[in-house]
Amino acid sequence: MRNWRRTRSTGDGEAGFTLLELLVVLAVLALLAGLVAPRVMSYLGGARQDTARLQIDRLATVLDFYRLDVGSYPTTEQGLHALIEAPPGVEGWRGPYLDEKEVPRDPWGNPFVYRAPGAESAFELLSLGADGRPGGEGEDADLSSGDR
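Last residue of the sequence shown: 148 (our numbering), numbering continuous.
Don't read these hints as lab results, they were simulated from the structure. Warning: the hint list may mix true and false statements.
Unchecked claim - Beta-carbon label-pair distances, calculated as ranges:
#1 Gly95 <-> Ala122: 37 to 47 Å
#2 Ala60 <-> Pro87: 14 to 24 Å
#3 Ser121 <-> Val25: 51 to 61 Å
#4 Asp50 <-> Ala15: 36 to 46 Å
#5 Leu20 <-> Arg133: 13 to 23 Å
#6 Thr75 <-> Thr51: 42 to 52 Å
#7 Leu35 <-> Asp69: 48 to 58 Å
#8 Pro117 <-> Ala27: 57 to 67 Å
#9 Leu26 <-> Pro87: 35 to 45 Å
#10 Arg133 <-> Ala15: 53 to 63 Å
#11 Pro117 <-> Val28: 53 to 63 Å
#12 Pro111 <-> Thr61: 34 to 44 Å
#13 Pro111 <-> Leu35: 12 to 22 Å
By construction, the Cβ of each residue, glycine as well, lies at the ideal position given by its N, Cα and C atoms.
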């Protein structure tokens, strides 16, 4: 009895796909990737912003511990490095206040901006977003300790 299943032949007796079939499959995959990639990238950008907010909250809490020990927040010149190493002439420092050996960077690899006193509070701590420049929208927007 003969097997009636259909096979494509490449001419030398082997079954395979035609170039047109492969191109159609590649086009469908490219179309799906084009539809899914922007959604995935927006989730990634949102996750980085959430991470930056959490880091700012954590650093702000650590700065509060520093203030409780020393009596004031580090100056702008002392910066966040004062959380790792005692600034010269500071009494009551009981750090290091961070486990890291270096001041952490924001999720985009940029340093946090620290100012004391801040514009509207005792200090201002912010991430300049993905572009690393003041201002911006979306993933480039600045995130500030004043937003907490």
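Okay, the hints, checked on the actual structure:
{"no.": "1", "hint": "Gly95 <-> Ala122: 37 to 47 Å", "result": "violated (19 Å)"}
{"no.": "2", "hint": "Ala60 <-> Pro87: 14 to 24 Å", "result": "holds (19 Å)"}
{"no.": "3", "hint": "Ser121 <-> Val25: 51 to 61 Å", "result": "holds (58 Å)"}
{"no.": "4", "hint": "Asp50 <-> Ala15: 36 to 46 Å", "result": "violated (51 Å)"}
{"no.": "5", "hint": "Leu20 <-> Arg133: 13 to 23 Å", "result": "violated (49 Å)"}
{"no.": "6", "hint": "Thr75 <-> Thr51: 42 to 52 Å", "result": "violated (27 Å)"}
{"no.": "7", "hint": "Leu35 <-> Asp69: 48 to 58 Å", "result": "holds (53 Å)"}
{"no.": "8", "hint": "Pro117 <-> Ala27: 57 to 67 Å", "result": "holds (59 Å)"}
{"no.": "9", "hint": "Leu26 <-> Pro87: 35 to 45 Å", "result": "violated (60 Å)"}
{"no.": "10", "hint": "Arg133 <-> Ala15: 53 to 63 Å", "result": "holds (58 Å)"}
{"no.": "11", "hint": "Pro117 <-> Val28: 53 to 63 Å", "result": "holds (58 Å)"}
{"no.": "12", "hint": "Pro111 <-> Thr61: 34 to 44 Å", "result": "violated (19 Å)"}
{"no.": "13", "hint": "Pro111 <-> Leu35: 12 to 22 Å", "result": "violated (36 Å)"}
Checked against the numbered hints above, the structure violates hints 1, 4, 5, 6, 9, 12 and 13; every other hint is satisfied.
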